[in-house]
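Spelled out, the chains give:
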Amino acid sequence: MTLTMPSPSVATQTTEIQTADRLIALTRVSSTAPGTDPAVQALALATAANLPVLLWGQPGIGKSSTLTQLADGLDLPLETVIASVHEPSDFAGLPVIGADPAAQGVAMAPPDWAVRLSRTGKGLLFLDELSSAPPAVQAALLRVVLERRVGSLALPESVRIVAAANPANSAADGWQLAPPLANRFVHLAWVHDPEIVVRGLGGTWPYIPLPRLDPARLERSVARARSAVCGFLTARPDYTHRMPTSANSRGGAWPSPRTWEMVLRLLAFGYAAGADIEAIALAVRGAVGDGAGMELLAFLEQRDLPDPEEVLADPDGADVPARGDRVHAMLCAVVDAIKRDATQARWEAGWTLVARLAELVPIDLLVAPAMQLADLRDPLWAAPEQLDRLSALGEVLAWAD
Amino acid sequence: MGGLSSPARPEALDPAAEIDMAKLLAARRTAVAAAPYLATALHALTIVPSYGVPTMAVDRYWRCYASPAFVAMTELPDLAVVWLHEVSHLVRDHHRRAERLMERSRNHKSAGTPALDPEHPLAARIRMNIAMDCEINDDLVESFGDETTVKLRLPKGAVTPMGLQIKNGALFEEYVRLLPKLVLNGDLAWVECGSGAHGGEAPWELDGSGAQAIGEFEAAAIRFRVREALLDKRRWGTVPQGWKRWAEGGAEPMQDWRALLGSTLRGCLAAGRGAGDYSYRRPSRRAASLDGSVVLPSLRSILPRVAVVVDTSGSVTDADLGSALAEVAAICRSVGAHGSQVGVYSCDAAVHTVQQICRAEELNLVGGGGTDMRKGIGRAAAARPRPDVIVVLTDGFTPWPADNPGGRVIAGIFGSDSRYSEDDDDDDYAPSLPPDWIETVRLCR
Numbered sequence: 001m002t003l004t005m006p007s008p009s010v011a012t013q014t015t016e017i018q019t020a021d022r023l024i025a026l027t028r029v030s031s032t033a034p035g036t037d038p039a040v041q042a043l044a045l046a047t048a049a050n051l052p053v054l055l056w057g058q059p060g061i062g063k064s065s066t067l068t069q070l071a072d073g074l075d076l077p078l079e080t081v082i083a084s085v086h087e088p089s090d091f092a093g094l095p096v097i098g099a100d101p102a103a104q105g106v107a108m109a110p111p112d113w114a115v116r117l118s119r120t121g122k123g124l125l126f127l128d129e130l131s132s133a134p135p136a137v138q139a140a141l142l143r144v145v146l147e148r149r150v151g152s153l154a155l156p157e158s159v160r161i162v163a164a165a166n167p168a169n170s171a172a173d174g175w176q177l178a179p180p181l182a183n184r185f186v187h188l189a190w191v192h193d194p195e196i197v198v199r200g201l202g203g204t205w206p207y208i209p210l211p212r213l214d215p216a217r218l219e220r221s222v223a224r225a226r227s228a229v230c231g232f233l234t235a236r237p238d239y240t241h242r243m244p245t246s247a248n249s250r251g252g253a254w255p256s257p258r259t260w261e262m263v264l265r266l267l268a269f270g271y272a273a274g275a276d277i278e279a280i281a282l283a284v285r286g287a288v289g290d291g292a293g294m295e296l297l298a299f300l301e302q303r304d305l306p307d308p309e310e311v312l313a314d315p316d317g318a319d320v321p322a323r324g325d326r327v328h329a330m331l332c333a334v335v336d337a338i339k340r341d342a343t344q345a346r347w348e349a350g351w352t353l354v355a356r357l358a359e360l361v362p363i364d365l366l367v368a369p370a371m372q373l374a375d376l377r378d379p380l381w382a383a384p385e386q387l388d389r390l391s392a393l394g395e396v397l398a399w400a401d
Numbered sequence: 001m002g003g004l005s006s007p008a009r010p011e012a013l014d015p016a017a018e019i020d021m022a023k024l025l026a027a028r029r030t031a032v033a034a035a036p037y038l039a040t041a042l043h044a045l046t047i048v049p050s051y052g053v054p055t056m057a058v059d060r061y062w063r064c065y066a067s068p069a070f071v072a073m074t075e076l077p078d079l080a081v082v083w084l085h086e087v088s089h090l091v092r093d094h095h096r097r098a099e100r101l102m103e104r105s106r107n108h109k110s111a112g113t114p115a116l117d118p119e120h121p122l123a124a125r126i127r128m129n130i131a132m133d134c135e136i137n138d139d140l141v142e143s144f145g146d147e148t149t150v151k152l153r154l155p156k157g158a159v160t161p162m163g164l165q166i167k168n169g170a171l172f173e174e175y176v177r178l179l180p181k182l183v184l185n186g187d188l189a190w191v192e193c194g195s196g197a198h199g200g201e202a203p204w205e206l207d208g209s210g211a212q213a214i215g216e217f218e219a220a221a222i223r224f225r226v227r228e229a230l231l232d233k234r235r236w237g238t239v240p241q242g243w244k245r246w247a248e249g250g251a252e253p254m255q256d257w258r259a260l261l262g263s264t265l266r267g268c269l270a271a272g273r274g275a276g277d278y279s280y281r282r283p284s285r286r287a288a289s290l291d292g293s294v295v296l297p298s299l300r301s302i303l304p305r306v307a308v309v310v311d312t313s314g315s316v317t318d319a320d321l322g323s324a325l326a327e328v329a330a331i332c333r334s335v336g337a338h339g340s341q342v343g344v345y346s347c348d349a350a351v352h353t354v355q356q357i358c359r360a361e362e363l364n365l366v367g368g369g370g371t372d373m374r375k376g377i378g379r380a381a382a383a384r385p386r387p388d389v390i391v392v393l394t395d396g397f398t399p400w401p402a403d404n405p406g407g408r409v410i411a412g413i414f415g416s417d418s419r420y421s422e423d424d425d426d427d428d429y430a431p432s433l434p435p436d437w438i439e440t441v442r443l444c445r
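Line by line, the protein sequences are chains G and U.
Numbered by this note's numbering, the letters in the first sequence go through residues 1 to 401 in order.
Numbered by this note's numbering, the letters in the second sequence go through residues 1 to 445 in order.
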């Protein structure tokens with residue numbers, strides 16, 4: 001090798017490179033705003049609940065960058081492991097032969113990322129390209145994901161695990177996710193929202209805020225989540241364990257005792273954080289699958305209607321649901337309750353409720369219940385004084401004739 | 001009616017004050033009485049009076065936009081039908097189905113023209129909206145023909161398949177293809193039902209944060225309630241056929257069969273013994289770093305063998321067969337199986353030819369008699385070396401073997417109108433369902 005004198009052009013080249021690097025750095029400057037997308041919130045919810053999350057998405061839509069943002073936001077060190085390029089032994093531990101294997105056994109040494117996570121005591125483990133990992137690697141990952149053991153090393157409890165996978169039809173060499181591994185994750189479909197991409201390239205990326213848990217609500221949330229899941233599974237025991245029949249959906253979310261436990265935790269976190277129902281729904285469906293998740297949420301929606309007796313006890317102060325169909329359902333339940341035990345006081349409380357609702361919701365919802373209520377009148381009872389607040393009801397009825 | 005553009009109005013006029021809310025709500029009540037199974041959905045809608053909308057329209061967040069002028073000039077029974085019509089768009093999940101159809105048209109690669117022209121999104125939207133109106137209105141007519149229900153009729157000028165002289169009782173995905181080239185004539189009413197129908201944003205719509213937006217999952221819960229109400233047996237008498245089908249899941253839009261066949265086949269190829277996995281046949285090179293004292297396996301890939309049994313009994317068209325075979329061949333190639341790895345068996349009542357193919361074009365299919373796929377499957381399974389995956393492409397009118405011959409079997413079953421086949425009572429031979437151990441994929445247009 002011969003040494004050459006640095007020519008004058010080298011100096012200018014260096015500065016060119018530095019300028020180029022500065023330009024690159026400038027294009028990377030961006031600020032963040034909290035993400036409002038339900039998928040993002042569901043990811044935050046599941047991460048807070050320390051449940052393994054699997055993001056399904058086409059290559060290149062920013063799953064990895066989402067994870068970087070998540071780790072930044074949580075202030076956790078990010079360890080990215082590309083599952084498909086690793087061997088089973090990288091997750092099960094590399095055998096290290098000591099002086100006397102027969103007496104001491106063979107130690108299964110963990111790889112460096114696991115040691116780093118264990119040493120810091122916290123972190124975010126990101127398993128990328130999970131669906132491209134061969135079955136043997138997937139089997140080795142089972143223990144990492146569920147029991148948090150890498151070889152003979154146990155990862156600290158606070159380490160969060162997130163994985164990413166490409167849907168089988170977009171990766172020609174893709175594997176079906178093995179059902180036991182699939183059943184350990186909360187599955188979230190990750191799609192790119194053109195609006196978010198535009199805003200991000202304009203300089204503002206969404207960050208993922210962790211749900212803010214209300215310390216005063218913790219016990220109540222757990223009790224509510226328990227009664228929700230138990231109530232549903234009592235009504236629909238067939239959903240306790242239901243493995244899908246088609247090979248395709250077995251690699252996704254499906255109901256099993258393990259995933260119902262995940263749902264319990266997700267609901268408790270959702271309730272404690274006062275999370276958006278859309279985000280909770282997304283996370284729950286990601287855990288037990290669309291069918292079971294949907295039925296659970298419909299069941300809860302019906303069950304979470306205010307208790308008719310409580311409403312009758314305080315018709316002026318009772319909570320009123322926001323959506324018209326739920327107001328209607330609540331009112332029907334109240335009228336049914338009055339029908340079961342018709343006293344003048346309850347009947348008048350019913351009218352107070354109707355008159356109050358007339359100012360809050362579209363009036364046509366009240367027509368049928370109000371007419372049923374009118375039919376319940378005992379001839380001895382005076383006409384309810386609330387009727388003059390219900391003139392709008394008369395207008396609607398006039399049209400119907 | 002129809003495509004009236006909104007006249008310029010002074011800002012001072014408040015649509016909420018102008019609109020005859022009592023009439024609009026009375027119409028909703030009439031609609032609920034006529035179709036009690038839709039009550040939940042109708043009640044969940046939020047009303048937004050607007051001058052921008054020509055008639056009535058819905059957005060994807062379950063808000064119903066109504067024009068004060070339209071409400072004033074439309075008779076109450078007609079208005080009730082419009083309510084039912086608009087809410088049907090949402091219950092039938094038209095906007096998401098529209099997005100899927102657009103997506104599929106955009107990614108259209110195989111033979112034939114895509115259902116929509118993605119180059120002209122506005123025209124595609126109108127076509128879809130008309131097709132959706134057909135899907136809804138053919139049922140509305142059916143439900144109100146009955147004297148026992150509230151007397152409602154379809155307003156004059158409403159889009160119906162009969163009016164357009166195309167067949168009845170289809171889904172909008174099919175209607176889009178059936179629509180005549182030029183459908184825009186002056187008589188068609190409400191061809192703009194908003195983003196709740198065709199998925200494209202209309203200028204009068206509020207954004208997702210506006211008044212009482214209902215998200216995807218709440219909407220799914222509402223659909224679930226409607227489905228429950230429809231499946232309530234006590235109400236069967238008054239429910240129109242189309243809604244019955246919808247509730248039973250028979251009206252779910254078909255997933256693209258290419259994607260289904262592809263992922264099933266890939267799954268089988270991967271799960272079969274042929275796929276790449278760790279093997280001790282050749283030790284891992286990493287073993288060197290362990291002083292050679294431990295033998296580690298290395299990643300080996302063995303090419304899978306695929307047998308394709310093709311039904312050439314005449315009831316399957318060559319075009320259908322060709323496209324399915326091309327798909328299978330392409331998938332096999334992508335996992336590295338080609339040439340002698342893929343065998344094709346032409347089979348009707350007997351096996352005619354056996355070929356090893358590289359490309360679907362090299363194939364010639366012989367046959368055209370009765371159908372017995374058992375012969376083909378048996379022959380394929382008897383081949384040595386044994387195939388890992390057997391793909392059967394048939395119209396389904398065949399007996400199936402009683403026992404698994406070994407390996408994985410996928411049945412791709414052709415059928416364009418399988419959804420409504422239960423109506424054809426005069427059918428002598430119903431297709432027999434493949435046994436459980438066969439993965440079944442329905443191949444539709």
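Hints in this document: simulated from the structure, not taken from any laboratory.
Beta carbons are placed, not taken as given, at the ideal position from N, Cα and C, and that holds for glycine.
Incorrect hints may have been included.
Stated by the list, open to error - Chain G is nowhere near these chain U residues, computed Cβ spacing over 12 Å in every case: (1) Pro15; (2) Glu18; (3) Lys23; (4) Ala31; (5) Leu45; (6) Leu206; (7) Arg225; (8) Arg245.
What the hints assert, rightly or not - Distance ranges between label pairs, derived from CB positions: (9) U:Arg106 x G:Leu376: 37 to 47 Å; (10) G:Arg258 x U:Pro399: 52 to 62 Å; (11) U:Arg106 x G:Ser64: 21 to 31 Å; (12) U:Arg177 x G:Gly60: 40 to 50 Å.
| Quick check: which numbered hints come out false for this structure? | 3, 4, 5, 7, 9, 10, 12
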